[in-house]
Amino acid sequence: EAGVTQFPSHSVIEKGQTVTLRCDPISGHDNLYWYRRVMGKEIKFLLHFVKESKQDESGMPNNRFLAERTGGTYSTLKVQPAELEDSGVYFCASSQIPQGSRFFGPGTRLTVT
Amino acid sequence: GQNIDQPTEMTATEGAIVQINCTYQTSGFNGLFWYQQHAGEAPTFLSYNVLDGLEEKGRFSSFLSRSKGYSYLLLKELQMKDSASYLCAVRGFNDYKLSFGAGTTVTVRA
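One line per chain: the protein sequences are Z and B, in this order. All residue numbers for the first sequence refer to this note's numbering, where the first residue is 1 and numbers rise by one. All residue numbers for the second sequence refer to this note's numbering, where the first residue is 114 and numbers rise by one.
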């Protein structure tokens, strides 16, 4: 069974540019989560999808971040315009049920210069 | 919110035992997770505790005391491949998001 995959693995962009991160959850997992780890800090929750619906987006830092999950399969996280403080590793995770174990992807390392 | 504390670093010798402590202060509690993360890789699920007591899984065991807001991960018979970051995470009661500690980097020496 394929695990959670994320694309790209690394992205380097300039301040003010736009970047879109993609996450493909494990097939059949209705629950998809985005997390972020900023340098030197702990991993922090961003948002939670159940199928195509946003269940909880309380962790989204501001309106420069837009997450979508059209069709309830893969998800994208767009940052527009990117700021220096957005640099970090963005993790995606999925689970069959909300109470279940989360399976994490390898993350996308975003560097904003 | 959640406040989760764990040591930053630990070093141990191959074959030895290491115990990683995690304390938490939460507005609600619905389970504690331990993850292992090697550099540049995905966090990998190790254990889950929701009731008090010890859960054993091979060389890894995890303990929880809800009244004390305390958990530990015990790694026995350490191997070089156990060198990694170990993350403690707490799930809230009315939501499903995980709150993570900053992680403990364990270095296993020969």
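Because the hints were derived from the structure by calculation, they are not lab data. One or more of the hints may lead you astray.
Stated by the list, open to error - Partial chain Z-side listing against chain B, Cβ under 8 Å, derived:
no. : residue
1   : 16
2   : 28
3   : 41
4   : 43
5   : 45
6   : 48
7   : 52
8   : 56
9   : 61
10  : 101
11  : 102
12  : 104
13  : 105
14  : 107
Stated by the list, open to error - Listing some non-contacts, in silico: residues in chain Z with all C-beta distances to chain B over 12 Å:
no. : residue
15  : 6
16  : 42
17  : 55
Claimed, not checked - Reference listing, derived: stretches of chain B covered by chain Z, where coverage requires no fewer than 3 residues with Cβ under 8 Å from a Cβ of chain Z:
no. : stretch
18  : 173 to 179
19  : 200 to 212
Fair warning: this is a prediction, and the values are worked out from it, not measured in the lab. Built from N, CA and C at the ideal position, the CB exists for glycine as well.
Results of checking the hints against the structure:
{"no.": "1", "hint": "16", "in the structure": "violated (28 Å)"}
{"no.": "2", "hint": "28", "in the structure": "violated (17 Å)"}
{"no.": "3", "hint": "41", "in the structure": "holds (7 Å)"}
{"no.": "4", "hint": "43", "in the structure": "holds (4 Å)"}
{"no.": "5", "hint": "45", "in the structure": "holds (4 Å)"}
{"no.": "6", "hint": "48", "in the structure": "holds (6 Å)"}
{"no.": "7", "hint": "52", "in the structure": "violated (17 Å)"}
{"no.": "8", "hint": "56", "in the structure": "holds (6 Å)"}
{"no.": "9", "hint": "61", "in the structure": "violated (14 Å)"}
{"no.": "10", "hint": "101", "in the structure": "holds (5 Å)"}
{"no.": "11", "hint": "102", "in the structure": "holds (7 Å)"}
{"no.": "12", "hint": "104", "in the structure": "holds (4 Å)"}
{"no.": "13", "hint": "105", "in the structure": "holds (6 Å)"}
{"no.": "14", "hint": "107", "in the structure": "holds (7 Å)"}
{"no.": "15", "hint": "6", "in the structure": "violated (9 Å)"}
{"no.": "16", "hint": "42", "in the structure": "violated (4 Å)"}
{"no.": "17", "hint": "55", "in the structure": "violated (7 Å)"}
{"no.": "18", "hint": "173 to 179", "in the structure": "violated (count 0)"}
{"no.": "19", "hint": "200 to 212", "in the structure": "holds (count 7)"}
Hints 1, 2, 7, 9, 15, 16, 17 and 18 from the list above are not met by this structure, while the remaining hints are.
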